[in-house]
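> Protein sequences appear in the order of chains D and A. Position 128 (the first sequence) corresponds to 128 in the numbering used here; numbering is contiguous. Position 31 (the second sequence) corresponds to 31 in the numbering used here; numbering is contiguous.
Treat the hints as calculated values from the structure; they're not laboratory data. Idealized CB from N, CA, C, for every residue including glycine. A few of these clues could be false.
To be verified - Every beta carbon over 10 Å from chain D, so not counted as near; a handful from chain A, in silico: (1) 52; (2) 76; (3) 91; (4) 119; (5) 197; (6) 211; (7) 240; (8) 278; (9) 287; (10) 289; (11) 290; (12) 298.
As the list claims (entries may be wrong) - A short, non-exhaustive set of chain A residues, derived as facing chain D with CB atoms under 8 Å: (13) 136; (14) 273; (15) 292; (16) 295; (17) 297.
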Amino acid sequence: MKSTYLQDLAFSLGAIGGSVKDAEREGLLRSSADDLAAAGFDRHHRCPPDETAYDLARAAVTGLDVADGVDAIIYSTCLPGNGSVGDPAAFAADRDVKHLMEFPASRLQADFGLGSAVVFGLSQQGCTGMLGALRLADALLARESGWSRVLCVAADRFPADAVYEQSYNLISDGAAACVVSAAPPGLRLVAAHQITNGGLHAATDDESVGTFFSYVPRLVRDCLSRAGLTIGDIDWVVPQNTNHNAWQILARLLGVDPSKVWQKSLPETAHAISADNIINLKSLRNAGRIRPGERILLVMAGHGLNWQAVVLEATEGLA
Amino acid sequence: MTRRVLVTGADGYLGLRTVQRLLAETDDRLVLSVRAADRTELADKKSRLERETGTTAHRRVEVVPADLTEDAPLAGVATDLACIVHAAARTNFDIGRDTARRVNADATARVAEFAAACPRLDRFLFLSTLVSVGCRTGDIAETVTEGDVEHANHYEWSKEQAERRLAERFAHLPWSIARLSTIVADDDTGRVTQYNAFHNTLKMLFYGLLSLMPGLPDTPLYLATAEFTARGIVRLTRPETVGGVYHLAPSPDEAVPLGDVMNTVFDIFERDPAFVRRRLLRPEFCDLGTFAFMVDATRGLGASPAAGALRSVAPFSEQMFRPKRFDNSRLRASWPDAPAASGLPLVAATCATLVGTRWGRNPAPNGVTPDAVPQ
Ligand SMILES: NC(=O)c1ccc[n+]([C@@H]2O[C@H](COP(=O)([O-])OP(=O)(O)OC[C@H]3O[C@@H](n4cnc5c(N)ncnc54)[C@H](OP(=O)(O)O)[C@@H]3O)[C@@H](O)[C@H]2O)c1
């Protein structure tokens with residue numbers, strides 16, 4: 001099997017930063033600011049009215065070196081509405097659905113001069129979309145012998161007037177981008193695993209919370225067993241930015257040292273939808289904590305309900 | 001000669017079933033004490049008791065109001081009683097310490113004081129609970145607890161306090177203590193008309209709000225029906241039955257391990273198409289520390305049902321880590337023809353009722369409406 005490597009990590013956040021108290025004052029929450037603070041949240045980021053999910057995606061990709069081109073772009077959104085950059089008002093005016101099919105991946109290709117890239121859209125994996133994109137990139141690079149690099153992007157902003165809280169977590173508008181390459185250096189993709197439970201496609205916040213503690217352990221165990229690993233082989237867990245306490249509990253359930261759970265961006269960044277893993281992974285790398293040979297487990301739960309995990313292994317000369 | 005028997009908490013779940021059995025199996029005359037805030041509540045309780053005990057009973061039954069937290073609550077009751085069954089209590093596991101002390105411990109002492117003034121009394125039967133022995137593990141004898149014991153919640157503690165007071169301050173009374181097991185159904189058909197923590201926990205599991213189970217899979221659960229329990233209570237009221245502590249519960253070899261109960265419950269859940277569609281996983285067992293951390297962490301989820309689910313399990317979670325073997329040889333000697341406990345089939349039948357009626361929201365096939373539907 002051909003190996004693939006995660007290289008270059010970048011992200012962007014909505015331009016308006018505010019505290020959890022601000023969010024409460026502005027009526028953006030369901031829970032109290034104090035309860036969200038107890039869950040680890042301090043600040044979050046929102047887009048101003050004129051900043052779109054696509055703007056976030058473009059800002060994230062600007063942080064990457066894609067000058068040499070890529071073979072494919074996988075563009076993932078959690079909210080399907082963010083999967084079109086067309087103007088809904090134009091559709092309302094002439095009822096032509098082409099206005100609903102102005103795809104951001106195509107625009108990204110043009111804006112960055114990535115003319116040889118083909119595009120894929122992922123829009124039904126909720127917050128797990130970025131991990132889904134990594135998995136798809138790995139599969140495509142294994143299959144397409146002439147390909148060497150795939151650009152993965154995830155970008156979401158909440159609609160105006162949305163509550164910035166999901167399943168008791170404070171939300172940020174944000175995007176993440178990375179390149180999956182067929183050659184080292186980088187973080188070798190060791191295994192990826194996904195569970196979808198469509199029976200919970202309309203799960204309430206409480207069902208999402210309730211099932212988190214049974215499905216995530218299963219996801220992790222299944223993912224590790226696919227990789228022929230055990231939890232003892234994992235050096236770092238890089239999860240999503242959801243309730244800090246939830247991961248303290250999961251660490252106990254999984255037998256992971258809680259200090260190995262890297263969720264450092266949670267207070268400042270909040271839950272930036274499917275960008276979280278990349279944001280935390282970048283923070284771990286920038287902290288100089290990743291040593292060659294170490295294994296990193298990325299975990300995400302999302303609507304659908306979907307759960308995805310990816311195991312990475314650091315190579316010499318991390319990008 | 002006809003005996004006069006006082007039953008406190010006579011309109012409660014077990015009080016009422018005890019009354020019905022006493023009426024059916026003996027010719028005792030009964031004084032039923034009920035708590036009533038005013039005349040209207042008393043009238044309501046009286047008419048419910050009349051309905052439930054049958055029209056022919058009225059000549060053998062007298063209903064008296066008594067709030068047992070008040071001074072001399074039974075002053076109006078004639079003292080020619082032969083027996084008192086003290087069933088009144090606050091039975092929720094999340095009860096506060098003060099209320100537990102007042103209603104369960106102090107009030108028991110008050111009823112015992114009244115009993116001491118009854119010259120013909122040959123039995124004072126106090127309904128307690130197996131978990132009055134607290135967090136002890138291993139073999140538990142049918143004797144009053146000695147020494148310091150930790151308790152998982154104030155309910156358990158208050159029942160132990162009541163037992164101790166009886167044994168220490170009322171040694172001269174002909175007392176018996178019946179430590180009852182968890183009652184999961186009215187009878188072996190699995191019909192449920194009173195909901196408690198057992199049913200509530202299953203509800204949370206069914207709806208996917210609870211996915212971690214605190215406890216050890218091997219911890220034995222002592223589960224019984226109200227029918228078995230009420231029959232046992234009547235047996236213990238008979239003058240020929242000697243006094244003392246009884247474990248009115250299944251024998252240790254009839255108790256069912258928590259892990260087997262969970263498997264049986266999920267086997268039943270998985271027959272329900274709506275449950276199957278949701279593909280909820282069987283819960284993982286977790287240690288007490290993890291569970292306590294989780295309960296604490298979810299306080300921030302406010303009034304969320306998931307947090308409520310955890311809070312409802314929390315008060316008895318510690319017992320799931322404290323396996324006990326309740327010896328019941330005294331009970332078996334006094335009640336040799338006691339029916340065998342039905343164990344996992346009872347769990348299955350009860351669970352089927354709960355799923356079929358969606359915890360009492362939908363009518364049961366037999367048209368039974370439950371007393372109370374859990375929130
Ligand atoms: N059911 C079980 O699974 C179980 C298991 C182990 C032990 N037990 C014990 O068995 C006994 C009966 O339980 P149960 O299930 O029948 O309980 P229940 O249905 O809650 O009945 C309790 C009765 O006590 C009455 N009561 C409460 N406070 C009172 C007060 N201050 N003064 C006078 N009466 C008062 C209640 O009246 P209101 O309704 O008006 O408050 C009710 O009639 C209790 O002692 C309990 O600890 C039960």
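> It remains to establish, for every hint, whether it holds in the given structure.
Hints, verified against the model:
1. The beta carbon of residue 52 (chain A) is kept farther than 10 Å from every beta carbon of chain D, the shortest such distance being approximately 38 Å.
2. With a least CB separation of 50 Å from chain D, residue 76 (chain A) remains clear of the 10 Å interface cut-off, as annotated.
3. The claim that residue 91 (chain A) lies off the interface holds: its Cβ sits roughly 27 Å from the closest Cβ of chain D, which is beyond the 10 Å cut-off.
4. Non-interface status of residue 119 (chain A) relative to chain D is upheld: no Cβ of that chain comes within 10 Å, the nearest being about 58 Å off.
5. For residue 197 (chain A), the non-interface assignment is confirmed: its Cβ lies about 18 Å from the closest Cβ of chain D, beyond the 10 Å cut-off.
6. Remark: the non-interface label on residue 211 (chain A) conflicts with the geometry, its nearest Cβ contact in chain D lying 4 Å away (cut-off 10 Å).
7. Its beta-carbon lying about 53 Å from the closest one in chain D, residue 240 (chain A) satisfies the requirement of being farther than 10 Å from that chain.
8. Against the 10 Å criterion, residue 278 (chain A) falls within the reach of chain D, whose nearest CB is about 4 Å from its own CB.
9. Not every C-beta of chain D lies more than 10 Å from that of residue 287 (chain A), the closest at about 8 Å, which undercuts listing it as non-interface.
10. Residue 289 (chain A), annotated as away from the interface, has a beta carbon of chain D within 10 Å; the closest lies near 7 Å.
11. Separation of residue 290 (chain A) from chain D is inadequate, the least Cβ-Cβ distance of about 5 Å not exceeding the 10 Å criterion.
12. Not every beta carbon of chain D lies more than 10 Å from that of residue 298 (chain A), the smallest distance being close to 8 Å; the non-interface claim is violated.
13. Checking residue 136 (chain A) against chain D by beta carbon gives a least distance of about 27 Å; that is not within 8 Å, so the hint is violated.
14. Taking 8 Å as the C-beta contact cut-off toward chain D, the hint placing residue 273 (chain A) at the interface is violated, the least distance being around 11 Å.
15. For residue 292 (chain A), the interface hint is violated, since its Cβ never comes within 8 Å of a Cβ in chain D; the closest pair sits about 10 Å apart.
16. Of the supplied interface hints, the one on residue 295 (chain A) is violated, with its beta-carbon coming no nearer than about 10 Å to a beta-carbon of chain D, more than 8 Å.
17. Checking residue 297 (chain A) against chain D by beta carbon gives a least distance of about 3 Å; that is within 8 Å, so the hint holds.
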